[in-house]
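From first to last, the protein sequence lines are chains X and U. Read left to right, the first sequence gives residues 1 to 408 (the working numbering). Read left to right, the second sequence gives residues 1 to 408 (the working numbering).
None of these hints come from the bench; they were simulated from the model. The structure displayed is predicted, hence computed values, not measured ones. Wrong hints could be hidden among the right ones.
Here are the simulated lysine to aspartate or glutamate pairs, DMTMM-like style, with alpha carbons at most 25 Å apart [stated by the list, open to error]:
(1) 232/U to 256/X
(2) 233/X to 290/U
(3) 108/X to 7/X
(4) 251/U to 267/U
(5) 233/U to 257/X
(6) 233/U to 256/X
(7) 232/X to 380/U
(8) 233/U to 290/X
(9) 108/U to 11/U
(10) 233/X to 257/U
(11) 335/X to 198/X
(12) 251/U to 250/X
(13) 233/U to 380/X
(14) 6/X to 387/X
(15) 232/X to 299/U
(16) 316/X to 267/U
(17) 71/X to 329/X
(18) 232/U to 307/U
Coverage of chain U stretches by chain X, computed from C-beta distances (three or more under 8 Å per stretch; other residues unrestricted) [said to hold, decoys possible]:
(19) 189-195
(20) 257-268
(21) 343-353
Built from N, CA and C at the ideal position, the CB exists for glycine as well.
Protein chains: 2
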Amino acid sequence: MHTVSKERLEDKIAAFMKFGAAGQGGITRPVFSPAELEARAEFQRRCTELGLTVERDDLGNIYATKSGAEKLPRIAMGSHLDSVACGGNYDGTLGVLTALEVVDTLVKDNIATRHPVTVMVCTNEEGARFPPAMMSSGVLTGKFSKDAMLAVRDDSGVTFGEALRASGFLGEEKNRINPVDYLAYLELHIEQGPVLQDAGVSIGVVQGVVGMCNYTVTTRGQANHAGTTPMKKRRDALHAAALIICGLYEKLGRIDDNLVFTFGHIDCRPNIHTIIPEEVNFSLDARHQDPILVRRVVDALESLPAETAGCQVSCKEAWSRKTTTFDPELVAIVKKNADALGYSNRFIYSGPGHDAQYMQDLLPTTMIFVPSVNGMSHCEEEKTELDDCWKGANVLLNTVLDIDGRLA
Amino acid sequence: MHTVSKERLEDKIAAFMKFGAAGQGGITRPVFSPAELEARAEFQRRCTELGLTVERDDLGNIYATKSGAEKLPRIAMGSHLDSVACGGNYDGTLGVLTALEVVDTLVKDNIATRHPVTVMVCTNEEGARFPPAMMSSGVLTGKFSKDAMLAVRDDSGVTFGEALRASGFLGEEKNRINPVDYLAYLELHIEQGPVLQDAGVSIGVVQGVVGMCNYTVTTRGQANHAGTTPMKKRRDALHAAALIICGLYEKLGRIDDNLVFTFGHIDCRPNIHTIIPEEVNFSLDARHQDPILVRRVVDALESLPAETAGCQVSCKEAWSRKTTTFDPELVAIVKKNADALGYSNRFIYSGPGHDAQYMQDLLPTTMIFVPSVNGMSHCEEEKTELDDCWKGANVLLNTVLDIDGRLA
Chain X
1 MHTVSKERLE DKIAAFMKFG AAGQGGITRP VFSPAELEAR AEFQRRCTEL GLTVERDDLG
61 NIYATKSGAE KLPRIAMGSH LDSVACGGNY DGTLGVLTAL EVVDTLVKDN IATRHPVTVM
121 VCTNEEGARF PPAMMSSGVL TGKFSKDAML AVRDDSGVTF GEALRASGFL GEEKNRINPV
181 DYLAYLELHI EQGPVLQDAG VSIGVVQGVV GMCNYTVTTR GQANHAGTTP MKKRRDALHA
241 AALIICGLYE KLGRIDDNLV FTFGHIDCRP NIHTIIPEEV NFSLDARHQD PILVRRVVDA
301 LESLPAETAG CQVSCKEAWS RKTTTFDPEL VAIVKKNADA LGYSNRFIYS GPGHDAQYMQ
361 DLLPTTMIFV PSVNGMSHCE EEKTELDDCW KGANVLLNTV LDIDGRLA
Chain U
1 MHTVSKERLE DKIAAFMKFG AAGQGGITRP VFSPAELEAR AEFQRRCTEL GLTVERDDLG
61 NIYATKSGAE KLPRIAMGSH LDSVACGGNY DGTLGVLTAL EVVDTLVKDN IATRHPVTVM
121 VCTNEEGARF PPAMMSSGVL TGKFSKDAML AVRDDSGVTF GEALRASGFL GEEKNRINPV
181 DYLAYLELHI EQGPVLQDAG VSIGVVQGVV GMCNYTVTTR GQANHAGTTP MKKRRDALHA
241 AALIICGLYE KLGRIDDNLV FTFGHIDCRP NIHTIIPEEV NFSLDARHQD PILVRRVVDA
301 LESLPAETAG CQVSCKEAWS RKTTTFDPEL VAIVKKNADA LGYSNRFIYS GPGHDAQYMQ
361 DLLPTTMIFV PSVNGMSHCE EEKTELDDCW KGANVLLNTV LDIDGRLA
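One chain only, chain X, in its complex shape (with noise of 0.2 Å):
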């Protein structure tokens, strides 16, 4: 079996830890901010070193392409080098630079493919500056509008559409990614949770990405002074949903242990500490595999009584994801190269999103997970051990090697 070289490897990530590096270990990276340009610039370099061809299409994703020794349609394995705010270092560009040092492998070691091998970098997967994430890849696939994605503004009123045009990556819509063109996509990422550390394997075999519903839950009260409302003539929002949030937790609870769900967003009105909360809107977002699982969280919230502590409730869908299941042929190549290089490995689904998600609707594809120190990510603490790297891009090299034979 081949493989990547450690020393490289640990060479690349170390490079591109220094664009937005934040002070703590990790990175601030948005999409098309001085720091991701810079990724972008060094990415590009490195790859016209290898002498691969460098394509843009017209949402800034980057080609860099490493010909085939036959006419056929390409190989592509890619991921984002974009990252949220104080983020760490491997969520999006581990996937990018393992990619690359495969080619890199493909380069030195003179290994010779019939297909030609596409590094893709995908352009705003977190959707941190400009919403949503997966905001390229859903383009491509049609899930989003382009013209309503080249007009989101970011914070300071800056439009996706004029970012892109002053990032210098702005390419053609004939050189986007589709199923023509390319054979399959692979996406190395790290699990962005504690499942394989706990497991004690390296490698996560990805199936698919778990369906998930995200519900805004809205309490309207009354707003009044503190000071002078008795409590029995209170109609208080905050009172409200927590009494709904302490009542999910325990309902949705004992749905099954593999459903996660979260209320990570709260807003308060008037928040005033002298002002009873007049309204307040919380998130749920709750994820599963099986669709069945997902359908009775939105049961529970939409079974919420009409009236809590005296507030009217009501919750709205944010959005709902249904579940993705990726290529079943990929998936074992990638099972069995895990097996053949002795790595300790596990079949698992995805709970956060990815480009390669919607990718599967285009193209054959498929992921591979690497352990996350203490299941940490989205902050500066997100770490994946070298050596876990390493064995990650192994399995991405012989996976693409495998393509490149089998399925021609």
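With chain X's structure known, arrange chain U on it following the hints.
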């Protein structure tokens, strides 16, 4: 018994609701805003027209004085003209306008007093633009340092001192209200709660201002990805906060029917729907006239378990306020006049703070409450029926006359 003119009072209320009209019947009139300066100018214009002497002190407080027959200390009445954002036309303003109407009546009805009678406009009672509330009465009574207050900035970076100088209302320190030159301070105010309306009475004979405590409770967990972290591994700060709020609601609710407590402010970090909350801070404001019961609230907070739902729990006093008891002789005169005028009335403690509570530390002080329709305040719907405003002004007039005759 003398009475004021209901028509003149109605005209005054109608005239002043124009300054800062917010569109839904109420006003937005932060201190030294163009709208508040217009209201101050109109107040001064009307005072000058009545032949009063207008003075200002070094905090922009206005003193409009009708001279007395003898060389005696002044009897002061007043309140404030500033408002919260989208507040009502009665909070503060009614106290100024009824005081003005009392003097108007003394002038028009040729009622001579032995003591000079002063209408006072207090600067920045609300603290909405420049915190804290009751800023100038706090400085007058040594609660706050003047230098510190002059340095307080509004959201746009302007200091209170700069706004004060620019206002044209900066006067001299020697004009401050003080216990040598003043005999008493009276403040008529809307109740800002539903107690008087519910009791079906027109006059609240205010015995004092209830004590309060204000705490910030903090729950600290661990931020992590909403899609990947199994429920059993979570330390969710919002879950902990919701449990504590629900628990305290039950526990504090059993202390006493007259205890009021409010969780009015909450902030959650990072407050992103896909991330488990790391830290939540929420406020608890609790008020009761009996300090022992306020202490029981503090005890409940201090005995919170150090850990809830895997999160560290801590609490910190933001501030507290002792119960203020108004001058018993003045309280008795208010009661006597309400009875003598045939107005239904009851004793009451104020939940909200007022400049009068600080003034009581300087000189004999009391307040007169009139009912708030549906207990609403700090909102545009805030209203007191004209008849109740008029009755309150009549109690105020006769109380001034009694003080003039009895307490010399």
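Hints, verified against the model:
no.	hint	in the structure
1	232/U to 256/X	holds (12 Å)
2	233/X to 290/U	holds (21 Å)
3	108/X to 7/X	holds (13 Å)
4	251/U to 267/U	holds (23 Å)
5	233/U to 257/X	holds (11 Å)
6	233/U to 256/X	holds (15 Å)
7	232/X to 380/U	holds (23 Å)
8	233/U to 290/X	holds (21 Å)
9	108/U to 11/U	holds (16 Å)
10	233/X to 257/U	holds (11 Å)
11	335/X to 198/X	holds (19 Å)
12	251/U to 250/X	holds (21 Å)
13	233/U to 380/X	holds (19 Å)
14	6/X to 387/X	holds (8 Å)
15	232/X to 299/U	holds (23 Å)
16	316/X to 267/U	holds (22 Å)
17	71/X to 329/X	holds (23 Å)
18	232/U to 307/U	holds (16 Å)
19	189-195	holds (count 5)
20	257-268	holds (count 12)
21	343-353	holds (count 4)
Against the hints set out earlier in the document, no violation occurs for any number.
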